[in-house]
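Asker: Protein sequences, first through last, are from chains A and B. Mapping of the first sequence onto this note's numbering: position 6 corresponds to residue 6, and the numbering continues sequentially without gaps. Mapping of the second sequence onto this note's numbering: position 138 corresponds to residue 138, and the numbering continues sequentially without gaps.
If you are wondering where the hints come from, they were derived from the structure by calculation, not from laboratory data. Keep in mind that the hints are not guaranteed to be accurate.
[To be verified] What the simulated footprint calls covered on chain B by chain A, stretch by stretch (three residues with Cβ under 8 Å from a Cβ of chain A suffice, anywhere in the stretch; the number is not a length):
1) 6–12
2) 21–35
3) 61–73
4) 93–106
5) 151–157
[Said to hold, decoys possible] A few chain B residues that face chain A, going by a derived Cβ cut-off under 10 Å, partial list only:
6) M1
7) V2
8) A3
9) L15
10) A38
11) G129
12) A132
13) A134
14) R135
15) S137
16) A177
17) T179
[Said to hold, decoys possible] Label pairs and their in silico Cβ distance ranges:
18) S39(B) with E91(A): 43 to 51 Å
19) R87(B) with L110(A): 27 to 35 Å
20) V81(A) with S85(B): 31 to 39 Å
21) A85(A) with W153(B): 50 to 58 Å
22) R162(B) with L35(A): 44 to 52 Å
23) W153(B) with G89(A): 57 to 65 Å
24) F78(B) with R87(A): 28 to 36 Å
25) V103(A) with R113(B): 21 to 29 Å
26) V101(A) with P159(B): 54 to 62 Å
27) G4(B) with G89(A): 36 to 44 Å
28) W153(B) with E91(A): 37 to 45 Å
29) R37(A) with L100(B): 29 to 37 Å
30) Q122(B) with F14(A): 21 to 29 Å
31) L100(B) with A54(A): 39 to 47 Å
Just so it is clear, CB atoms sit at the ideal spot from N, CA and C, and this is done for glycine as well.
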Amino acid sequence: MLLYFSPLQVGRPFWYDPAYATVLPLFLLGTALALARREVHPLLSLVPVVATLATTVVVLAMPRYRLPAEPGMVIVACNIVPDLARRLGKERVRGILGAIVLVNGVLAVLFFSP
Amino acid sequence: MVAGLLWAAWPAAVLASTALQTESVAVPVLLTGLLMLASSGNHHGLLVHIGAGLALGLAALCRANLVLVVPGALLWLFMSYRRHSQRALVAATVVGGVALLTAVPWLLRNYSRLGVVALATQREPLFLGNNAWARGSYDGEFFAPYAGRQERWLEARHPGFRMKPEVEKSRIYAIEAVTYWRESPNAASG
Numbered sequence: 001m002l003l004y005f006s007p008l009q010v011g012r013p014f015w016y017d018p019a020y021a022t023v024l025p026l027f028l029l030g031t032a033l034a035l036a037r038r039e040v041h042p043l044l045s046l047v048p049v050v051a052t053l054a055t056t057v058v059v060l061a062m063p064r065y066r067l068p069a070e071p072g073m074v075i076v077a078c079n080i081v082p083d084l085a086r087r088l089g090k091e092r093v094r095g096i097l098g099a100i101v102l103v104n105g106v107l108a109v110l111f112f113s114p
Numbered sequence: 001m002v003a004g005l006l007w008a009a010w011p012a013a014v015l016a017s018t019a020l021q022t023e024s025v026a027v028p029v030l031l032t033g034l035l036m037l038a039s040s041g042n043h044h045g046l047l048v049h050i051g052a053g054l055a056l057g058l059a060a061l062c063r064a065n066l067v068l069v070v071p072g073a074l075l076w077l078f079m080s081y082r083r084h085s086q087r088a089l090v091a092a093t094v095v096g097g098v099a100l101l102t103a104v105p106w107l108l109r110n111y112s113r114l115g116v117v118a119l120a121t122q123r124e125p126l127f128l129g130n131n132a133w134a135r136g137s138y139d140g141e142f143f144a145p146y147a148g149r150q151e152r153w154l155e156a157r158h159p160g161f162r163m164k165p166e167v168e169k170s171r172i173y174a175i176e177a178v179t180y181w182r183e184s185p186n187a188a189s190g
């Protein structure tokens, strides 16, 4: 399961996926909020995540197996941003997102070698 | 729109495009099916549900493990129509039935040609993830030409393994994976 949620991608050598690393926390937050609010629509994006996660647990972990679930993760992550901006304020959200992108950008440069 | 642009530049899809084989087709087909399901709340038409079932069935044909999306999607339909259980039942029957019908020709073909009712006969990953050498992820040494420890072990247990037909190999991979699960449940789940 840890490998499933890891931003490391298969390659020679392994490389760091900054996009996945940025989207993942927002997706998890979006899913948690949807569950807390009993919203049904965002949970549809969770269906491929559960399906590919089950494959990973039963078979083995490869980022490739996760790919069909990633577009749904992107959608949930993008949907949560305006919601966060309403709750925390645009400036604060801009700062948080900027920090996440910066950290992941630096990690990607350090570990990125496709 | 932001999500679309982000996906268009998604590193895993762009940089690993040559490593992604069936996913390149499975992802858009799966998304089409999910989009149809998501919009089915606005349009209760039969065609939307037929389209969703068709797309989900095609996605499962592209990547057999995506067959697990179908029961999840049906569960989501019931959650979505929670106050209209009869309508949910009709929608789930249509989506599930069409998804199944989409896969039936391929299942029949496999039964006719290979003698097995299965979407796919590839079981190496199941064995790769469930044997004494398994480490949770892809093991490159497995596919070293006739030199991998796992393949030598299989050859010792099943003489002539390397030359066996696809279906027989698939059966052996599955049996050995399940045996490992039974004999070492803690190691397998770890």
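Asker: All hints, please: hold or fail.
Answerer: Here's how the hints hold up against the structure:
1. Coverage of the stretch 6–12 of chain B by chain A holds [criterion: at least 3 residues with CB-CB distance below 8 Å; count 6].
2. Here's how the stretch 21–35 of chain B fares: 6 of its residues keep a CB closer than 8 Å to some CB of chain A, so the rule of at least three is met and the hint holds.
3. Given as covered by chain A, the stretch 61–73 of chain B passes the check, having 7 residues with a CB less than 8 Å from a CB of that chain where 3 are the minimum.
4. Coverage of a stretch by a chain is defined here by at least three residues with a beta carbon nearer than 8 Å to that chain's beta carbons; for the stretch 93–106 of chain B and chain A the count is 0, and the condition is violated.
5. Residues of the stretch 151–157 of chain B lying with their CB closer than 8 Å to a CB of chain A number 0, which falls below the three-residue condition for coverage.
6. The beta carbon of M1(B) is positioned within 10 Å of a beta carbon in chain A (closest approach about 9 Å), and the interface hint is therefore held.
7. Because the smallest distance between the Cβ of V2(B) and any Cβ of chain A comes to about 5 Å, under 10 Å, the interface hint for this residue holds.
8. Hint status for A3(B): holds, given a least beta-carbon distance of 4 Å to chain A, under 10 Å.
9. Because the closest C-beta pair between L15(B) and chain A is about 5 Å apart, less than 10 Å, the hint holds.
10. A hinted interface residue such as A38(B) counts as satisfied when its beta carbon comes closer than 10 Å to some beta carbon of chain A; here the least separation is about 6 Å, so the hint holds.
11. Interface restraint check: G129(B) against chain A, minimum CB-CB distance 3 Å, threshold 10 Å, status holds.
12. Interface restraint check: A132(B) against chain A, minimum CB-CB distance 14 Å, threshold 10 Å, status violated.
13. A hinted interface residue such as A134(B) counts as satisfied when its beta carbon comes closer than 10 Å to some beta carbon of chain A; here the least separation is about 7 Å, so the hint holds.
14. Annotation: R135(B) was flagged as interfacial toward chain A, and the flag holds, the nearest CB pair being 9 Å apart, inside 10 Å.
15. The beta carbon of S137(B) comes within 5 Å of a beta carbon in chain A, closer than 10 Å, and the hint placing it at the interface holds.
16. Checking A177(B) against chain A by beta carbon gives a least distance of about 9 Å; that is within 10 Å, so the hint holds.
17. Hint status for T179(B) relative to chain A: violated, with the closest Cβ pair at about 15 Å, above 10 Å.
18. For the pair S39(B) and E91(A), the beta carbons lie near 35 Å from each other, so the given range of 43 to 51 Å is not met.
19. Taking 27 to 35 Å as the suggested C-beta distance range, the pair R87(B) and L110(A) does not conform, at roughly 53 Å.
20. Look at V81(A) against S85(B): about 35 Å separates their beta carbons, and that is inside 31 to 39 Å.
21. Between A85(A) and W153(B) the C-beta distance comes to about 56 Å, which sits within the given range of 50 to 58 Å.
22. Distance hint check: the CB atoms of R162(B) and L35(A) are about 49 Å apart, consistent with the given range 44 to 52 Å.
23. A hinted range of 57 to 65 Å holds for the C-beta pair W153(B) and G89(A), which are about 60 Å apart.
24. A beta carbon spacing of about 31 Å between F78(B) and R87(A) agrees with the range 28 to 36 Å that was offered as a hint.
25. At roughly 52 Å, the beta carbons of V103(A) and R113(B) sit outside the given window of 21 to 29 Å.
26. For the pair V101(A) and P159(B), the beta carbons lie near 56 Å from each other, so the given range of 54 to 62 Å is met.
27. A beta carbon spacing of about 26 Å between G4(B) and G89(A) contradicts the range 36 to 44 Å that was offered as a hint.
28. Between W153(B) and E91(A), the C-beta spacing of about 60 Å breaks the proposed range 37 to 45 Å.
29. Between R37(A) and L100(B) the C-beta distance comes to about 33 Å, which sits within the given range of 29 to 37 Å.
30. Checked against the hint of 21 to 29 Å, the C-beta distance between Q122(B) and F14(A) comes to roughly 24 Å, which is consistent with it.
31. Checking the proposed 39 to 47 Å range against L100(B) and A54(A) shows it is violated: the Cβ atoms sit about 19 Å from each other.
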